[in-house]
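Undergrad: Single-letter residue listing:
Protein chains: 4
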Amino acid sequence: MIIILRADATDEQIEHVLERIERLGLTAHLSRGTYRTVIGIIGDEAKIAVAPLQAIPAVAQVVPVLPPFKLASAEAHPKPSIIEVGHVKFGGGYVGMIAGPCTVESREQMDAIGSAIRDGGANILRGGAFKPRTSPYSFQGLGEDGLKILRDTGNKYGMPVVTEIIDPRHIDLIHEYVDMFQIGARNMQNFVLLTEVGRTTKPILLKRGMSATVKDLLMSAEYILSQGNPNVILCERGIKGFDPETRNLFDVAAVPAVKAISHLPIIVDPSHATGRLDLIPCCALAGVAAGSDGVHIEVHHCPEEALSDGQQSLRPEQYAQLAGQIRDLVTLFDKKISPVGEASQ
Amino acid sequence: MIIILRADATDEQIEHVLERIERLGLTAHLSRGTYRTVIGIIGDEAKIAVAPLQAIPAVAQVVPVLPPFKLASAEAHPKPSIIEVGHVKFGGGYVGMIAGPCTVESREQMDAIGSAIRDGGANILRGGAFKPRTSPYSFQGLGEDGLKILRDTGNKYGMPVVTEIIDPRHIDLIHEYVDMFQIGARNMQNFVLLTEVGRTTKPILLKRGMSATVKDLLMSAEYILSQGNPNVILCERGIKGFDPETRNLFDVAAVPAVKAISHLPIIVDPSHATGRLDLIPCCALAGVAAGSDGVHIEVHHCPEEALSDGQQSLRPEQYAQLAGQIRDLVTLFDKKISPVGEASQ
Amino acid sequence: MIIILRADATDEQIEHVLERIERLGLTAHLSRGTYRTVIGIIGDEAKIAVAPLQAIPAVAQVVPVLPPFKLASAEAHPKPSIIEVGHVKFGGGYVGMIAGPCTVESREQMDAIGSAIRDGGANILRGGAFKPRTSPYSFQGLGEDGLKILRDTGNKYGMPVVTEIIDPRHIDLIHEYVDMFQIGARNMQNFVLLTEVGRTTKPILLKRGMSATVKDLLMSAEYILSQGNPNVILCERGIKGFDPETRNLFDVAAVPAVKAISHLPIIVDPSHATGRLDLIPCCALAGVAAGSDGVHIEVHHCPEEALSDGQQSLRPEQYAQLAGQIRDLVTLFDKKISPVGEASQ
Amino acid sequence: MIIILRADATDEQIEHVLERIERLGLTAHLSRGTYRTVIGIIGDEAKIAVAPLQAIPAVAQVVPVLPPFKLASAEAHPKPSIIEVGHVKFGGGYVGMIAGPCTVESREQMDAIGSAIRDGGANILRGGAFKPRTSPYSFQGLGEDGLKILRDTGNKYGMPVVTEIIDPRHIDLIHEYVDMFQIGARNMQNFVLLTEVGRTTKPILLKRGMSATVKDLLMSAEYILSQGNPNVILCERGIKGFDPETRNLFDVAAVPAVKAISHLPIIVDPSHATGRLDLIPCCALAGVAAGSDGVHIEVHHCPEEALSDGQQSLRPEQYAQLAGQIRDLVTLFDKKISPVGEASQ
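Chains as they are written, first to last, in numbering that gives the first Met the number 0: chain A, 0 to 344; chain B, 0 to 344; chain C, 0 to 344; chain D, 0 to 344.
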């Protein structure tokens, strides 16, 4: 940590800063420049994260030298992690293919979609049972019935399943049915939920919040890792932007930016990132070309009848075409896609 | 709701859209312009919110005519609401003065701060007991012990108290101790929490999320109102911006923008909005001049020893000076500030 | 300037960085921390601004210690500057009142508006003659005829006049007619134009660009100052935001943020910042309460007939009411407004 | 155009709006819904762009139905345009490869870089002679000497050349030396410059401004097209974002978003978009996978000695490796890259 003092800092003030640092058991290293005095701090930076040095009047700026996350950092774990969801791998050269509807609506709907995407090229099935809807008047999901249908459909077509958790009181219920928990963008800094899923051992799909920086995303991953669960897959799904042309702003550079400082896999979700059918395939391919460890796509067999997100759901034949192009890219970049499993039902 | 069709929409496609609308029990009103065909929908817009008309191929754009919230809207309730927190009023000409430390640290700290801000001009005491910290390694709050200290200090100095809730499982515990629940910015779209506090009758201080539009904020208020709790106070506390000069971007225009479409009171929190001691007073005054129904300020008797947010906490004497200036503005604009209450302990 | 090296920097790489610094005639100050090596640079930071130290492989981060502007900084000039436009003062306790239509449309229009705003409380008249329109098919202004009308109207009502310059080839023409040049938001980084107006001695109203940080704005001011013209008035007029509720995002905190690091006056323009009639008065008052040195308001005697910006133009009686409230605030804060001048025609 | 009236609009007000529309020679189509009255306008929307209907009190919202640009739209010109820069094609299946240093520094520098990138896979040479620097104290370019060196180097290695124009008074000078004008991001709404280059017939590389929407970019293209020059190539080079992790935010979705509504080619510039060496290759590949018609990369033979942008310049061997990967993608997507030309010197 480096402390830059104000131009008008007095000797007494400087002395005060040095004392505070030493009281924390750290060593201060004073350097008087031509225009500014700078103090370098030697020792464990974490000790002073809580000490609001910025509040001391003579301090102009505090510059941290280390990233605030540890377990998620590439320094702690230089090799890319491979996370397994059932038999399906993400990271370290493996590209996961997650697809399915926004919401589980019925057994028939899930069967139609599950069958189609398995044939189309997906290897993980998604579907919402408890939905975080922005309107209290919108359909909120089927709850446990939805979880059962999701599980059964996954079993029938040999695909592990993932669903979103929005309430810490649902942890045991959902744990029983799924292979991966999803933490949605709106809950990326719901620290209660992060702590709760961090106490399980199931993989967690952690979506980036709409106003989260790459480092904020990794801090939220650190919450999960710090509880003992190392199985975190990150997901770029669009951040807040100023152009109404797209629903969100797809930050494809987040893929290599995460990989530069973390070992965790990161996938892309162009369905939520763009919210537009005609942009999803291009952005999915862009994500894979940028090094994404997976692609998450919303698919519905009849988008205009979907109870949610119809406007951004690919039809099965559109998904199959896109999945074919993704496979070509994966081959070009010498990566692999795990096969679907055996039907277990 | 208005549906704008694509330039190349065929008669068959137009027919299909009309049928879908009629199946929903609504009346469609077709208008063929020189360059585009437009369909107006007459009837209850809410019926089609769930129908993803945008997913129909010939549809270029769907323009809602009504705001998606009802109970929070000025149309439903043209007169500004006055919300009472204990004996302290917000809205309809009343300006509330909330102050206190980020976190309850000890009985001594709360006593020093409570006494000072009461004398300085505050009428509501705040303090965190369960803290949503971005790092899992930071101090997470004193829990129930913090709630007790907060309650006792409020009683001693005649100020109702407010604290943040972050876990739906804490609802009964916190309910016992405080006069108002706070929903923090990171939980503005934690719909589980919104529903839970909506089932109580205590006032809710709802902070705007960092990537939330004014309408998103009002939709979250609608969640609470739709559960039966009409006592919502909104709070502008800075949104995500691109200039690192300030911690967040203080959107002062949100104050009149909310008042243009809603009856709910809205207050400002320049402490979190700017994160800089030297900007807080100016932004607090700006908020009041823009019509804010209250001011929320972090105060600490020794900011550099604070366990959190020290860099943005005013000292008691700084708060007293600011509160005096706020009172002058309140008088100039012919508004009122509720007095502090009797000590009840 | 401080250079933070990568964790894996070798001794050879460190040596290379030190050599580069010394070759530039500066002194390097090496500090090996527990986790990172840091190099402080002592001497004139400007010497190395051009040296892309960040391009050296072992370098993780370069942290400048000084602001990149000098003449605009509060360090160079601790007392707030007072800029005079004709007889009207801005800064150092003086609040300027600029008003007028977006565009000069006719002699009659300007007379109607000029007379009304003079009576309403303005002391500077604005009006566009060369307009930067986003559509090539929109009205582009009356050119020199517009300048003549503007000048004559200003003279008739005793108000200095300001107009926007968009082409460096217009400098002499416009110089002849106006008391202040305006550089619009879209040209804030048109360095050719900045240099050109910097060679005159007339005051410059420099509007903040929609994606400019406070420091970017001050760097553009520095361009003008570095050419020898010290008369720069900054203007906050809304930056790009994500909420379609308002046209732009009014960053009121920029007012105190500029004052914390610069001596230049800064005014607010809520007309362009919000683009909404119903928000302009609240935001104007917020700006003054935050310490603004002036208020810029678009006024039209018949907004729905205006050739541009009608939707955000106050009617004269609305302006007069707002100006009265501004005067009350100015009095409360112990500031002054220069009176209008004698008619010179 | 659709006009949505306020809920409280009176019959008299509605009548007034209808009159205004008819006075403009257009037909109004009134539709009274259950909750709101809506007016559709039939006829040439351009006629009312200048009429500020929004300024009429009873009007709640004005929704344009047509895009505000014509010549740039896909409706006017459904087939993708192919733009030729010298012998090098962009668009309609052709991918252009622009590379070179930020600034022309010397004949030796340009020769080293020109030779290397020609061998590496570029087919257009870039280099700045008049630089728009954010600091008045930074190196501003070699001017005409730089243009000569650029031209000669391009001739020697068979590559057409492009340079930025920042001053309308330079148009003839630069016209003499280059094959394509570049309009930089900071000048995207410098309408004087757009008009000036629109009067030539040389291709224009138009970079997206940092706060420009996709439609703003196309409106700026329309300025050039409306002057008679049809040869516009758009460029996505990063927009303003909130994450300091990257210099700008690379909006890869802008590539398919532009193609959905325009016939103009669009290329990507990951050098300026990310500002980070380690992210440039991934983002370049992402751009091509998303359908980009070209890639613009800054290359320097010795980045740490570069007079500008060293921190984001690839070394020649890094460029050659990236260009090879781009060629693989171009082949996979069945597109083509124009070969370099004969040396003409």
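Source of the hints: derived by calculation from the structure; they are not laboratory data.
Even for Gly, the Cβ is constructed at its ideal location relative to N, Cα and C.
Among the hints, a few may not be true.
What follows is a set of in silico ranges between Cβ atoms, one per label pair, in the way DEER data are often shown [unchecked claim]: (1) K335(A) <-> C301(B): 19 to 25 angstroms; (2) R5(A) <-> P338(D): 55 to 61 angstroms; (3) R326(C) <-> A259(D): 50 to 56 angstroms; (4) R314(A) <-> F332(D): 34 to 40 angstroms; (5) F138(D) <-> H86(C): 56 to 62 angstroms; (6) H86(C) <-> R168(D): 33 to 39 angstroms; (7) L23(C) <-> I81(D): 17 to 23 angstroms; (8) Q226(B) <-> R314(A): 34 to 40 angstroms.
Undergrad: Each hint needs a verdict: does it hold in this structure or not?
TA: Now the hints, each set against the structure:
1. Between K335(A) and C301(B) the beta carbons are some 58 angstroms apart, a value that contradicts the proposed interval 19 to 25 angstroms.
2. In this structure the hint that R5(A) and P338(D) lie 55 to 61 angstroms apart at CB holds, the actual value being about 59 angstroms.
3. In this structure the supplied range 50 to 56 angstroms holds for R326(C) paired with A259(D), their Cβ-Cβ distance being about 52 angstroms.
4. Between R314(A) and F332(D) the CB atoms are about 22 angstroms apart, so this pair departs from the stated range of 34 to 40 angstroms.
5. For F138(D) and H86(C), the Cβ-Cβ distance of about 42 angstroms falls outside the hinted range of 56 to 62 angstroms, so the restraint is violated.
6. For the pair H86(C) and R168(D), the supplied restraint of 33 to 39 angstroms holds, since their beta-carbon distance comes to about 35 angstroms.
7. For the pair L23(C) and I81(D), the beta carbons lie near 48 angstroms from each other, so the given range of 17 to 23 angstroms is not met.
8. Between Q226(B) and R314(A) the beta carbon distance is about 37 angstroms. The supplied range of 34 to 40 angstroms therefore holds.
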